[in-house]
Amino acid sequence: MNELKIDNPAQRLLDILEAGKTQKRDQNCRLVWVFLLQAQKNNEQHLLSRLARAMELPGRIVQVREDHFSALRGKSTHWKTCVDTAFVSQSLNSTWQSFMQHIDDRTFSELSMLSDLFETRGAHAAMQSEEIEALLERLTELRNDIRGADLPATMKTLLLKQLSQIQEALETYGISGVEPVMDAVQSTLGLAVLNPEYRKEISKGTNSRFGEKISDLLSDVANVVTVAGALPALTVAVNTALTYIGQ
Numbered sequence: 014m015n016e017l018k019i020d021n022p023a024q025r026l027l028d029i030l031e032a033g034k035t036q037k038r039d040q041n042c043r044l045v046w047v048f049l050l051q052a053q054k055n056n057e058q059h060l061l062s063r064l065a066r067a068m069e070l071p072g073r074i075v076q077v078r079e080d081h082f083s084a085l086r087g088k089s090t091h092w093k094t095c096v097d098t099a100f101v102s103q104s105l106n107s108t109w110q111s112f113m114q115h116i117d118d119r120t121f122s123e124l125s126m127l128s129d130l131f132e133t134r135g136a137h138a139a140m141q142s143e144e145i146e147a148l149l150e151r152l153t154e155l156r157n158d159i160r161g162a163d164l165p166a167t168m169k170t171l172l173l174k175q176l177s178q179i180q181e182a183l184e185t186y187g188i189s190g191v192e193p194v195m196d197a198v199q200s201t202l203g204l205a206v207l208n209p210e211y212r213k214e215i216s217k218g219t220n221s222r223f224g225e226k227i228s229d230l231l232s233d234v235a236n237v238v239t240v241a242g243a244l245p246a247l248t249v250a251v252n253t254a255l256t257y258i259g260q
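Just so we're aligned: the sequence shown equals residues 14 to 260 in my numbering.
Since the hints were made in silico from the structure, they are not lab data.
C-beta atoms are modelled at their ideal positions from N, C-alpha and C, and glycine is treated no differently.
Where hints are given, some of them may not hold.
Said to hold, decoys possible - Estimated spans, in silico, between C-beta atoms of each pair:
1. G161 - A84: 52 to 58 angstroms
2. Q114 - G161: 45 to 51 angstroms
3. K174 - F82: 33 to 39 angstroms
4. Q110 - A84: 36 to 42 angstroms
5. T219 - R86: 56 to 62 angstroms
6. L149 - F121: 26 to 32 angstroms
7. A139 - S83: 23 to 29 angstroms
With the hints as extra help, turn the sequences into a complete structure.
Written out as structure tokens, the structure is:
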């Protein structure tokens, strides 16, 4: 059995900060975050939601370190102090300097070492951007089709909600990693156990309008997660579940 790999939030935070380092310090702070986090323009709620996910990364890094490297000596907190200070001291209406002035070279160095440390345990492989974009295109098309379909309102709401959860997890992969994607797939399948009508709608061979597309999508998302190593047996588990609920 393949060993379950661990999350590497240190690398994700490092990627964000390194991308931020290339931005001009006199730019508007809000606009830089919109770019870095791929948030919707002129949508403050969407930006703040993405920013909140980024702010969770330091705590996630500490959690992974404690879970897998509790005996590690020299647990410097300099990087966390700097990052936390940057998040709470920045002004979205001011310049990017209000954030980056708190991030020094030592912060980059310590995050890089933490990322390397997590890699020694076997961190999740990166999901390819092309794969994510292809899945997002299919999700967008499928959600649009469902919105225009003649389905009961309750069923339409359920389908759109679950697909939206998968879409959000894929869109924020660069911030939150692969685990929310895995959780979204599992949640979508889990609901089928509790709701017979929903189960019929997402299953192949039930004469449902979207069963084949949804089943294929779930299988493909599971395959991407499996390749990343978050849950090696997820593809098999999802395909088994899809076969079961389609009976």
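Tell me the hint numbers this structure goes against, listed in increasing order. none
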